Amino acid sequence: MTDGELAHKIQVAAFRRQSRQAARRQNQLVPENTVAGNALTIVIAIMSFLACLTLGAVTLVRDASRDWQQDVQREITIQVRPIDGTDIAAETATAAAVARDTPGVVGVEVLDERENARLLEPWLGTGLDLNDLPVPRLVVVRIADPSTVDLVELRDRLGQRVKGASIDDHRVWASRLQSMANATVFAGLAILGLVFLATILSVVFATRGAMATNSVVVSVLHLVGAEDGFIAREFQRHFLLLGLRGGLVGAAAAALIFAILGFLVIPTIAGSEGEQVSALFGHFAVGPIGYFGALGIAFLIAVMTALTSRLTVYRYLADED
Amino acid sequence: MVGLRDLATKTGGVSEASDLIRFENVGLRYGMGPEVVRDLTFDVARKSFQFLTGPSGAGKTTLIRLFFLALRPTRGLISVFGREVNGLAKSELFSLRRRIGVVFQDFRLLDHLTTFENVALPLRVLGREEASYRADVVELLRWVGLGDRVHALPPVLSGGEKQRAAIARALITRPEMLLADEPTGNVDPPLARRLMRLFVELNRLGTSVVIATHDINLMNQFDARRLVLEDGRLTIYD
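Protein chains in written order, with my numbering: chain A, 1 to 321; chain B, 1001 to 1238.
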């Protein structure tokens, strides 16, 4: 191969390489390295992670609260107090019969002496003879759907037929549980709002920084007749990709944490503590809403990032005029 | 040189159809400062060729910026392509600006884009697909002598090559008017003459050309109208 041929080959190769590089860089009027890319991606990933964790916690509490309320409302307790001159066993049996006759009731269980003694054991100790004490008897009534049972009517009939009977439908406890759960959900949503606000502000600062760094690009684009919308689209494209990347990384990390907690936390809490935890939080498993929500948050953050950058560009250009 | 006429006293007389740009008693001040240019009354006709000259700081660049609507006058009337500039909506302003090509002394090329991409920028801004203009851009680059620098980035171009790339960018949309601010300021005399021949050729093809320069020797080589700015006032030598 002569020197001339070699030089020609090198030239052709260089031209092809330049063409490929040029093709790769197409559509990048705003140079990628001038947008505070990595730092902002990390900030967005952290925000997305926190938002997803908050959403997971909110869904966990909401699901648990719904389960508690359903359990609590599906059970009412009839209490029969011993009154002198009455046979408490017969009164309790009548109360159970009245409950059984009530539409919507699916199960009635009279707690026997042994079960009553067990309930009182923490306070009164073992080996107790309940016949010596004026201890009320309890009838547990299970209902299928709380809305179909007329508790007022049941209370009236019990009042007529059973002496010393009263109904506890756990409504006070249920409403306290509900307000506690609602407060937790509200706090979670407030945290979500703050996280979104912090994300928006970070993007505003990053966009303004990128605009200032790229003031030459902006002025040249104006010079060749580019309208504000065109410039905004160029910046928005960067920030959409950046937001999507950060959002997905944060959401994936949060989903991983949910999965790890779901698999590992409960089995390690053995015995009664484990029972308490599962009574409070179910199986500590974030449901599909948590996972899909995390994905939704990732996309929401990406869209929010893009829109924020777009509006910031418009504001910046308006201020420049 | 045909003669001297102080256009500050001019009252009009050129038909609307032949005017690309018309200034009437235009003045401009920055903030509360003194007027940088004042009492400008003149027009730039279609297919005309003129030099804009004057000492440094006389207001040449300000006038160029007024021409392509980057500045609005603080008094007086400017009409561009028959449209009154005052009260023009921003979108209309951009569409008028696309009909004007501008070459700056500092080129204003984007360093991260190749020569091809820089020159194609005005077309991209118009929303055109690359396939539709690729051949035109390459042909124009060949015409200005940059056929072998299509994929080069501006930092590796010489001053003259950057200048020609900036000129090609100003011409790619076939503007009705070309404004060039000191287009020969950074190049040696032979290249300056070559660039000037390019502008003359463009003018012959129908583009109005305004060249801001303070190079008397260069102007003396061409018999063209001269707009002379001094202390913000304009004198015209037709």
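By construction, these hints were calculated from the structure, which means they are not laboratory data. Careful: at least some of the hints might be erroneous.
As the list claims (entries may be wrong) - Which chain A residues stay away from chain B? Per the calculated CB distances, all over 10 Å, these:
1. 28
2. 31
3. 66
4. 67
5. 71
6. 127
7. 159
8. 219
9. 221
10. 225
To be verified - To be clear about the criterion: a stretch of chain B counts as covered by chain A if any three or more of its residues have a C-beta under 8 Å from a C-beta of chain A, and this derived list gives those stretches:
11. 1132 to 1144
12. 1206 to 1216
Model, not experiment: these values are computed from the prediction. The beta carbon of each residue, even a glycine, is placed where N, CA and C say it ideally should be.
How the hints compare with the structure:
no.	hint	verdict
1	28	violated (7 Å)
2	31	violated (4 Å)
3	66	holds (52 Å)
4	67	holds (56 Å)
5	71	holds (62 Å)
6	127	holds (89 Å)
7	159	holds (80 Å)
8	219	violated (7 Å)
9	221	violated (7 Å)
10	225	violated (4 Å)
11	1132 to 1144	violated (count 0)
12	1206 to 1216	violated (count 0)
Hint compliance for this structure: hints 1, 2, 8, 9, 10, 11 and 12 are broken, all remaining hints hold.
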